[in-house]
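*Asks:* Below, each chain spelled out in residue letters.
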Amino acid sequence: DAMVIQNPRYQVTQFGKPVTLSCSQTLNHNVMYWYQQKSSQAPKLLFHYYDKDFNNEADTPDNFQSRRPNTSFCFLDIRSPGLGDAAMYLCATSRDGRGANEQFFGPGTRLTVL
Amino acid sequence: DAKTTQPPSMDCAEGRAANLPCNHSTISGNEYVYWYRQIHSQGPQYIIHGLKNNETNEMASLIITEDRKSSTLILPHATLRDTAVYYCIEGSGNTGKLIFGQGTTLQVKP
Chain Z
1 DAMVIQNPRY QVTQFGKPVT LSCSQTLNHN VMYWYQQKSS QAPKLLFHYY DKDFNNEADT
61 PDNFQSRRPN TSFCFLDIRS PGLGDAAMYL CATSRDGRGA NEQFFGPGTR LTVL
Chain R
1 DAKTTQPPSM DCAEGRAANL PCNHSTISGN EYVYWYRQIH SQGPQYIIHG LKNNETNEMA
61 SLIITEDRKS STLILPHATL RDTAVYYCIE GSGNTGKLIF GQGTTLQVKP
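So the protein lines, in turn, are chains Z and R.
Heads up: the first sequence at position 62 corresponds to 62 in the numbering used here, and the numbers run straight through without jumps.
Heads up: the second sequence at position 100 corresponds to 100 in the numbering used here, and the numbers run straight through without jumps.
In short, the hints are calculated from the structure, not lab data.
Be careful, since some hints might not be right.
Calculated lysine to any residue pairs in the SDA-like style (CA-CA distance at most 20 Å, straight line) [to be verified]:
no. : chain 1 : residue 1 : chain 2 : residue 2
1   : R       : 52        : Z       : 21
2   : Z       : 44        : R       : 67
3   : Z       : 44        : R       : 105
4   : R       : 52        : Z       : 100
5   : R       : 69        : R       : 19
6   : R       : 3         : Z       : 49
7   : R       : 97        : Z       : 96
8   : R       : 97        : Z       : 49
9   : R       : 69        : R       : 7
10  : R       : 3         : R       : 31
Simulated coverage check for chain R against chain Z, where a stretch passes if three residues somewhere in it have a Cβ under 8 Å from a Cβ of chain Z [what the hints assert, rightly or not]:
no. : stretch
11  : 43-52
12  : 92-106
Each residue gets a CB set at the ideal place from its N, CA and C atoms; glycine is no exception.
Using the sequences and the accompanying hints, generate a full structural model.
*Replies:* Structure below.
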């Protein structure tokens with residue numbers, strides 16, 4: 001029944017070592033989102049894909065990149081993780097990016113940077 | 001920046017109705033009011049949304065004022081499992097983007 005799947009659930013990386021988080025969906029939704037949620041804070045949108053069209057938020061650091069090779073999969077790449085990048089990373093999907101569309105969230109990947 | 005204002009925390013007795021207020025005084029005509037909740041260590045979960053009219057589903061009711069500047073989420077019979085952070089969000093009708101505010105931490109007590 002899992003609809004938005006994130007792997008791994010917990011990821012540990014070293015300072016400066018590139019890391020990739022993955023997200024897959026079985027909903028065949030057009031839009032996929034990546035959020036960052038730091039401890040005791042609200043989720044913050046990093047970027048989203050509308051189909052293959054990439055949309056970056058203005059304040060998302062260049063250190064964060066994303067790939068969407070097909071409808072089902074989306075990846076978050078952190079090129080050189082810093083201690084401040086430790087957070088929960090949430091993936092979400094929606095059927096369409098326009099009008100009223102609920103977003104379906106995955107369980108998140110908690111990233112620890114040593 | 002988030003454009004909604006919510007009280008940081010609320011308590012509710014189990015079995016009673018929980019009424020969570022939200023101010024969105026700058027909402028524009030094509031923006032929806034969405035409510036999501038996030039139970040500890042889980043991803044946010046959609047609850048309900050509305051544009052102008054009041055809405056009800058199996059989880060909750062949403063009451064939107066006539067001027068659309070505020071709304072109230074009602075959980076009719078709160079249970080301990082409803083303890084969570086509740087986010088009220090203005091969602092763009094053009095892009096579908098959600099900008100989360102700080103939300104209300106609802107504590108349901110026995």
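*Asks:* Decide, hint by hint, whether the structure agrees.
*Replies:* Here is how each hint holds up against the structure:
1. Restraint check for residue 52 (chain R) and residue 21 (chain Z): the C-alpha separation of about 38 Å exceeds 20 Å, so the hint is violated.
2. Among the hinted pairs, residue 44 (chain Z) with residue 67 (chain R) is inconsistent with the structure: their alpha-carbon atoms are about 28 Å apart, more than 20 Å.
3. The straight-line distance between the Cα atoms of residue 44 (chain Z) and residue 105 (chain R) is roughly 18 Å, inside the 20 Å bound, and the hint therefore holds.
4. Between residue 52 (chain R) and residue 100 (chain Z) the alpha-carbon distance is near 12 Å, which keeps this suggested pair within the 20 Å criterion.
5. Between residue 69 (chain R) and residue 19 (chain R) the alpha-carbon distance is near 17 Å, which keeps this suggested pair within the 20 Å criterion.
6. The hinted pair formed by residue 3 (chain R) and residue 49 (chain Z) fails the criterion: a straight-line CA distance of about 23 Å is larger than 20 Å.
7. At most 20 Å may separate the alpha-carbon atoms for a hinted pair to count; residue 97 (chain R) and residue 96 (chain Z) meet this at roughly 11 Å.
8. With a C-alpha separation of about 11 Å, the suggested pair residue 97 (chain R) and residue 49 (chain Z) falls inside the 20 Å cut-off, and the hint holds.
9. A threshold of 20 Å between alpha carbons decides the hint, and for residue 69 (chain R) with residue 7 (chain R) the separation of about 16 Å falls inside it, so the pair holds.
10. For the given pair, residue 3 (chain R) sits about 11 Å from residue 31 (chain R) by alpha-carbon distance, which is consistent with the 20 Å threshold.
11. Judged by the Cβ-Cβ criterion of 8 Å, the stretch 43-52 of chain R is covered by chain Z as claimed, because 6 of its residues qualify and three suffice.
12. Coverage of a stretch by a chain is defined here by at least three residues with a beta carbon nearer than 8 Å to that chain's beta carbons; for the stretch 92-106 of chain R and chain Z the count is 11, and the condition holds.
When each numbered hint is compared with the structure, violations occur for hints 1, 2, 6.
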